[in-house]
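Number of protein chains: 2
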Amino acid sequence: MKYAVIMAGGIGTRFWPASRKEHPKQFLDVFGDGTLIQNTVARLQGLVPPERCLIVTHERYVEKTQKQLPAVPEENILAEPISRNTAPCIAYAATTLAKRDPEATMAVLPADHVIGNVEQYHKTLDVAFETARERNALVTIGIEPTHPSTGYGYIQYDGADEEETELQACPVQTFAEKPDQSTAERFIDAGDFLWNSGMFIWRADTILDQIETHLPDAHEAFAPVRETDGEIDAETLTKAFQNSPRISIDYGVMEQADTVYVVPGAFNWNDVGDWRAVYDLSEKGEHGNVIEGDVIMQDSSRCLVQTEERLVVLVGINDQVVVDTDDAVLVCDRESAQQVKQVVEYLHAHQFEEYV
Amino acid sequence: MKYAVIMAGGIGTRFWPASRKEHPKQFLDVFGDGTLIQNTVARLQGLVPPERCLIVTHERYVEKTQKQLPAVPEENILAEPISRNTAPCIAYAATTLAKRDPEATMAVLPADHVIGNVEQYHKTLDVAFETARERNALVTIGIEPTHPSTGYGYIQYDGADEEETELQACPVQTFAEKPDQSTAERFIDAGDFLWNSGMFIWRADTILDQIETHLPDAHEAFAPVRETDGEIDAETLTKAFQNSPRISIDYGVMEQADTVYVVPGAFNWNDVGDWRAVYDLSEKGEHGNVIEGDVIMQDSSRCLVQTEERLVVLVGINDQVVVDTDDAVLVCDRESAQQVKQVVEYLHAHQFEEYV
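Protein sequence lines, in the order shown, are assigned to chains H and Z. In terms of this note's numbering, the first sequence is residues 14 to 369. In terms of this note's numbering, the second sequence is residues 14 to 369.
It should be emphasised that the hints constitute simulated quantities derived from the structure, not laboratory data. One or more hints might be untrue.
[To be verified] In silico negatives: residues of chain H with every beta carbon more than 10 Å from chain Z: (1) Val127; (2) Gln255; (3) Asp307; (4) Gln311; (5) Arg323; (6) Asp340; (7) Asp346.
[Stated by the list, open to error] Okay, the calculated bits of chain Z under chain H, using three or more residues with CB under 8 Å as the criterion: (8) 330-338; (9) 350-358.
Glycine included, C-beta positions come from ideal geometry on N, C-alpha and C.
With the hints as constraints, model all of the structure from the sequences given.
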């Protein structure tokens, strides 16, 4: 059976002040059409029903997750006792799934992305599921780059010179980390690089085997979880996470494994990395502005303004982001939206924890 | 005796959202060194003591005025029942003063200006008081222009070619309204124009005579007030204002009178007309920013940021004004600060009265 494992443990600090430690990005209704995690589950409808969606999240977000996703069964919400990057998280989910269904094939999906063409998305995932099942393979989804972004990792693959690589699985040559500008341009010119979408598809038993091979400490750490029938007690689970190396599945497994496939995705994709992406993805109103809440604009254009309770007035302002919340306001140049991450680091470092 | 009549009836809508109908500009502590009206009274110390300062304000601000100016006797706070521009207001103050002291000479001073050199200010006012008393004259204070401002009225005067006109009263040729840019430049080139500061000095009986001559309806309207001994009842006062023409003392009297003098002021003067003026007059911190409250600046310069309760974060912002209040935030290009007035007009016109 096909399952989705939705990774929802992050905070998304670049969405401060809307995102907070207690209310992270994936639970925000960024575009006014449902929260990002709700849309992630909804767009699987027809491919993977909510009953076969698992959500892995920090235990502080379990209640929020249940509230936002009433169709997902309670036992499908897996709480991480501590955050140790994606490898332990995926080990936990795969272990759980393998026990429930030895034939389980799972798509690991970020909870906070936006996808434009759901039909193509399903077709792409279908090819990936099939490849994973038939070849016992690790499969990832790559996105055809539209520009030399320095914000994504890249995947170099074989078969780019073939007539049609979309909707077929191609062998991965290398994974490349987020590049600098000139490297990114070189990747684009080369023509055989895709953006790494962070979506992985594999059989539960395949990834568990691969973890055993490439991350034996993680495999060992999760032995007590594997061997427990029924519910896992909190202490056992916490120990498993504590004893696992703090590593991503990308570094820990994908880059080490012998045969990895990528399916080039033929759908619009955006990881909604910052406020600028929200502006870009939103439908524009008058003068190119994107407005939510009580906002008055005078001589202002191409701005994103979000306010919950209070009145926000812009006069003579262009290309900015203004986000107003109960206790804090952000005024940010749209092109500097990436820097909001540093603001949150500053808040942590300078006794402003109450705003984090 | 010398008196000061401080005009404190305005709202100062260009200081929205800090200024509100219930909390106008003159009661704001714009520079963190006392409110504008407190500073207006304080800088008269040595020339006119608080006991001889009269405050004319709308009745809704009487309590606020008493609270901010405890040294000013209660009977010196004159409440306007309705706002009818400056002529009725001055008629009321002059009538009151003339009854108390037939020899009264009064300086009419706006409550919301900033003055840089108090010693020179006193000397200038002294010359004006002397001229008013000795020549029974209407006297105004002019400010040597520093640039061709379109935001002030101008006064053309005789004697600009004399070696030293400061600290002496010169006959006024004409009053000119706020000019357009080219006219303002012509005024500056001409060399015999001063900015109209809105400060007037005259004997109480002189201005009452002049009102009788040039605004007979106002004179007539205030007859019952003149003829009442002791306290004026509310109805009599309201009728006097209602029956007075709605006109400024500038149009109604100054521009009509035969002989008006101006004393060119040798002090720094600013009418603090908008947030830009506040920025200009404030001491600058790092990167030319002026900050009040919990503010975090990243890659931001030459901004004015004021916040009362909440955290304000600027990222990549230059030359802007951000004013955060309990229920509203303003984000304004510094050069567009004059437009804040239109925002308030918009609020009035579009069911946002709660924010006015």
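Hints and how they fare:
Every beta carbon of chain Z lies more than 10 Å from that of valine 127 of chain H, the smallest distance being close to 23 Å; the non-interface claim holds. The Cβ of glutamine 255 of chain H lies farther than 10 Å from every Cβ of chain Z, with a closest approach of about 35 Å, so its non-interface assignment holds. With 10 Å as the threshold on Cβ separation, the claim that aspartate 307 of chain H sits away from chain Z is violated: the shortest Cβ distance comes to roughly 8 Å. At roughly 6 Å, the least C-beta separation between glutamine 311 of chain H and chain Z is not larger than 10 Å, which violates its mark as non-interface.
The claim that arginine 323 of chain H is not at the interface with chain Z is violated, since a C-beta of that chain comes within 10 Å of its own (minimum 5 Å). Its closest Cβ contact with chain Z, about 5 Å, brings aspartate 340 of chain H to no more than 10 Å, contrary to its assignment away from the interface. A beta-carbon of chain Z is positioned within 10 Å of the beta-carbon of aspartate 346 of chain H; the least distance is around 3 Å. Figure legend: the region 330-338 of chain Z, annotated as covered by chain H; annotation consistent (4 residues with Cβ-Cβ distances under 8 Å, at least 3 required).
Judged by the Cβ-Cβ criterion of 8 Å, the region 350-358 of chain Z is covered by chain H as claimed, because 5 of its residues qualify and three suffice.
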